[in-house]
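Once you've looked at the hints, dock chain B against the given chain A.
Chains A and B supply the protein sequences, listed in that same order. Note that our numbering gives residue 176 to position 176 of the first sequence, counting from 1, and the numbers run on in steps of one. Note that our numbering gives residue 365 to position 365 of the second sequence, counting from 1, and the numbers run on in steps of one.
In case anyone wonders, no lab produced these hints; they're calculated from the structure. Please read these numbers as outputs of a predicted model, since none were measured by experiment. Even for Gly, the Cβ is constructed at its ideal location relative to N, Cα and C. Do not take every clue at face value.
[Said to hold, decoys possible] If you anchor each label on the Cβ, the simulated ranges turn out as follows: (1) Asp425/B / Glu89/A: 36 to 46 Å; (2) Ala542/B / Ala214/A: 33 to 43 Å; (3) Gly322/B / Asp29/A: 27 to 37 Å; (4) Ala182/A / Asn453/B: 54 to 64 Å.
[What the hints assert, rightly or not] Where chain B lies over chain A, by a calculated footprint (3+ residues, C-beta under 8 Å): (5) 42-48; (6) 108-118; (7) 169-180; (8) 196-203; (9) 286-299.
[Said to hold, decoys possible] Derived, one-sided and incomplete: chain B residues facing chain A with beta-carbon distance under 8 Å: (10) Phe314; (11) Asp343; (12) Gly344; (13) Ser501; (14) Gly573.
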Amino acid sequence: MTQRRTSFAARLMGLALVLTAAPVAFAQDVNPGPLLTTFETETRYELARDELVVSPELSVGELEALADHADWRVRHQAEVTLAYRADPELAGRITTLAPVTTRAGTPALSSPLLSEEMALPLMVDRLVHGGESAALRVSLARAVSADEALLGDTLIGLYSQETDAEVRAALIVGARKHPDAAASLSLLTQGLGDPSARVRAEAAAAAGSHPQGAALGDALIAALRGDVDAAVRGAAARSLGWLRLPAASPALTTALSDPSADVRLTALRALERVDAPAARAAAPRLQADPDPGVARAAKALSQ
Amino acid sequence: MDPAAREGSRADGPSIKSVCGLFGVYTADPKAVYSGLDRQNLTSGATLPQPRALHLGACAPLMLLAFAACDKEVPPSFSVATPLGAFAGGDTVAAPGVPLTADMDDDDRDGVIDWEQRAAIGNDQAILLLSVKDKPLRLTFSSEAGGARLWRNGEVLLDAEAAGEVTVEMIAGTREVSLGVQLRDLLGEATLTIVDVDEEGVEGEPLVIPFRAAPLLINHHLLPATHLWAMSVSSGDSYENKSMVSALSDALGDDFTTIPGSSYGYDVWVQDELEFATMSAPESFMDFVIDSIRSGGGRGLDDVPEDFMEDADFGRATWGNGTRASSQDSFGNLECSPPVTVDGVEYPLGRVYYGIGPTGGPVKELRDMLDAQKVQRPFSLDTSWLIVGHVDEFISTIPDPAAPNGFWVIVSDANVAWEVLESLDPNTELTRWNGREARYEGHDMDTVGDILNEPGLRELNEDISADHVEPNLELFLTELGLSEDNVIRIPGLFYEPWGRSYGAVALLPGMANLTVWNPEGEGVKLFMADPFIRGEDVDQSADPMIAAVRALMPPSVEAVFLDDWFVYHMGLGEVHCGTNVTRAPLANWWTAGAHLLQD
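For reference, chain B alone in the conformation it holds in the complex:
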């Protein structure tokens, strides 16, 4: 726990003062106080488990010692156990306050977001255990932006749903009261002030407890993978991805779910429809899916978040309006770097990045939301030179404990591609590249020599490298405080199958457009597009491009090459575009990222 967040906390250890303050009521260990809470059963009217109490007889020597040590200090008339520890009047709860998750999920699985139901459902409230002694207390609950409720035993005690401040007088009497704070919005805020008031109306020292809802954290590639999603396609006319789905299923088993293509319009771009993120707090965790505006009205993958993901501890929301969607609103164009330090500023949760295309970037509402989260301060790259226009088409990151920062930047590089191709027999046949269907997307190349001698291809890639890939890489490294030492360049060639006006896309199946699979306690697998630089369609061991890429990868990762040719590569995407991964958070935003929340 960050010492700053625990300032004044009674949970720091069994100090004499804290024992005095909590005398006879709580242990000094907030974990012990909270260990009996069943988060899933915290529904309306449910009885909260009581905190553990110290047995008076067993604690008598400790009590005597405490009284002696307290000297003339007056014991506080109340105390509050929170997820951050125990506090009393006069204590300070440091920023960002008590963390909780905005109640944006559907813990009772009734199809209605919990906040909207105005019922104490699920596990997203911050639970406080208030111990009242002999003086009346005054509770004041406020929220500048609104969207906050203070609950007591399943009822709304104070409602700050609208912006403002509300107060309630509580009758004195030794007892314990369970309170719950619920917030509506990402990074929502509320403040609970508790003060005792004696018979003459004299107020004691107040306890001011700020509450802060979690930011929405976009997943990055160092976070442990928990589940992978892809669409299964078998349309009847041999438009199918059985090979890729089968390979993923073999590798992942139960950690892999297929979305049936026939039910979702064969919209195979699972990466583009969904952005997985998380919200977390000491006592709650929520997977979250940002539902893209790229498809609406039930078209394509539009309903997948509702059908597969919206659930208990799985939130969903859309920012923006689909009528203004551009390709940059797809989430292959929204990624997050691993943790970095930039000019002395630590970003332990990484930094979000997205591409700006010819008509702009992601929709303003989404960019504003991402900016507002603060802890993953976004930056943009230029993707206007690409037909599709997504950042995943040329740059990515992969985990490697041996890397300088624990990860490598992977970038598509034409020179590396030429180097490999020029080392080959130009008569090497390219079975997969020379079919009529391939020709329709400009892959009418029968041999390696045909690629090497394709008119204008070298010049195009020289221009793209000089004017787009390298400037973007330089910007990427600068924004992340990295250098060329952090980069692995892998083979990549672009071309313009639709003409100059549309821009470029990967000619050589885009291997930088990869999916990282790194579940907790297991090795790292990189799912990449099979380049098919070989005559033999099946035998990957005969593919010199695959061998070259494997040689470039660090020993800690296993590169797995998937056949994405017809459904994805021909459709202007690759493995990453057709898959999506949920991940588990590592760093706590309220401790490691607290400095980034300060204005």
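Extracted from the complex, chain A is given alone in its bound form:
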């Protein structure tokens, strides 16, 4: 992979030397307007993108400068344009890469081409502009958000502008291990307040394996106590246990009487991790739980 990155960088550098003798540009000195205009193009986006690629209006040096711009949309469009200028054939192959079918029956992109450095902006481009199926967009969202090269504000920007709850949920799942912990934590916080229960549930679940997930302890306890959706409450209970937050003990104890069997089971498992004596005290009563999974767990805990 290192070799591939060097190769791509070398190509870019060579292209820059050939096409421009311009002095080094700075992002604040270059007009990002054409890039923003292209990014905002909703119909015939591909035509606008291709026109930008061949346009003399922005040199490679200027595009490279804009690839450091504060606005993630400008950065993104600059990277896409640079990719097409550097190797249009490769960029085209990545952009049109056909999905394969996972064993779960869902589409996914799988190719060593995705190891190319230019793959990330092109996959983001497919997510934002590609007109892909809803299922492939979910797969794309999962992939790009898991890429450590994706900057935190891009991740949040993608989430904020996304209208499909499944895609938002996928962005959150992929982001739980993002190297920009502050950005991913911010994303999880937004996710816990998302109007879609599907998204809230994934945000609550992702918090449990986030390095700074404990910072979301109060929000998780609130979700466990008050969310109307059982999947959200169950995910919150599990994360509170995984994070081993003692303050969650009362809420988890209360959740042992939740109408949802999934919540009762995850709460019991969590309480076992957070407050083992409280879990053992509750176990005898739960041995008679109507759900066999809860009863089995309680019985095991009692032994």
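Same frame as chain A, but now just chain B:
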């Protein structure tokens, strides 16, 4: 042969009575009667080979002895040689009757199922040789459910295609008549009653012959493997499985067929589209492929059964409608155990099992069919906790003659995995795990230490073990009458790459998700996923996880680790999911499994 099935049979041996009954017509050995039958040439209008007759001169002393021994018994006026032996009036043919295979294949290879052609094609009829003596006979043929025909010399003599009873009077006269019984459905039934009627209309003792079509038997891992199938993939963008295909080809030679990926939409999940089974009878055998409803309309592997398998002695059918398909309709989710005894009940053909996912199990039509076969009484496991939701993802069986029941249960176990990983240098590099493509499916782990320290991974696997794997294993052992002594636990870790809502899938390449290759007379090979717990991509001898798994396996099996990483593991499947095996039956359902057919 099961004594119960031979009750009253004239084939038990050269008893005096049987010699009287068959005097001058047949040998007493039904195998001799049937030895001249050419099953493949039993087509419409073909002349059946005649049974061997005893030469009268050579048998004269035996005949005299027989007459003397018969005393005052009246020789029956007719006799019938069947695949189970010879019978005469007054005899009883025990349940399940004369076995045959439902005519669901295409023996003349014309693209039409033989039953539909209403022609005596192929080898799936039960052939009877009726010897008529001096009295007229009345033949009554009936079938409660229909789907039965009685043939005579290539013509339909009695048609019970619709439910009911039909009768024909046969003219007397010493001669031999060949009859054939054909059934349409799995476990289809028919009854042929033969009785002689004298000139005054007085009936003799009837012979009632029940017929039973074979159940569809799902293959299990103790049956000898005969052929292995997998897809070859080379899409042009290095999405390929050359390493795995090459290894299988080297190991199996001509017993291996590749399905070209470019012709079938790169749908690599060969296990999921096809369930291989068999139907068998004394005189016929049929491989069978259940074609899953998971893909339809010619998509993916949909046409593979028709293109590769539908043939003479190879049946195909689909149960259910693809518009209602779920992942549980894939056949990595339909397996069969080896033979077991449960609470004193023998299941010599094994027991079928499948997983129930969030929206239910396999389609009802398929479950009903499997239930109706009776001899492999199905049970279900809970696979709702898995993204894909198939039973092969965490549990399997492997043959071993030295094992308590001739096989081991293989189950994925996180504790065994942690034990191996914790024994390693945490700085051990994982070359295959840290590429960008791997990261897209959550494998962004550069070292063993990264796995050990992955946030939430231990807790997740503790929960999965306690709430899903162990309860499923307990149920599996109970349903099969087994115990922990029958289990080999091998390393396995799960994770949730798509989030909690979707469920879990194997993080460590799923080695329990294995393919058993055990051809007759050869050793057992287990094709398993290469875990790649090593820095060196190629050298498996440097992989401590492989060494640990090999140490857990019984000496009688050879574990072969295949590179399934990009095409299968990254696609949420493993070696078993991408392969499929035809197998040869061992036990006869009509003898060993007859007790399970009784209502």
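So, going through the hints one by one against the coordinates:
1. Asp425/B / Glu89/A: 36 to 46 Å: Since the Cβ atoms of Asp425/B and Glu89/A sit about 43 Å apart, the hinted range of 36 to 46 Å holds.
2. Ala542/B / Ala214/A: 33 to 43 Å: 39 Å, holds
3. Gly322/B / Asp29/A: 27 to 37 Å: 59 Å, violated
4. Ala182/A / Asn453/B: 54 to 64 Å: Since the Cβ atoms of Ala182/A and Asn453/B sit about 21 Å apart, the hinted range of 54 to 64 Å is violated.
5. 42-48: violated (count 0)
6. 108-118: holds (count 8)
7. 169-180: Satisfied; 5 residues make the cut.
8. 196-203: holds (count 3)
9. 286-299: holds (count 3)
10. Phe314: 26 Å, violated
11. Asp343: 21 Å, violated
12. Gly344: 26 Å, violated
13. Ser501: 6 Å, holds
14. Gly573: 4 Å, holds
The structure fails to meet hints 3, 4, 5, 10, 11, 12 from the earlier list, while all remaining hints are met.
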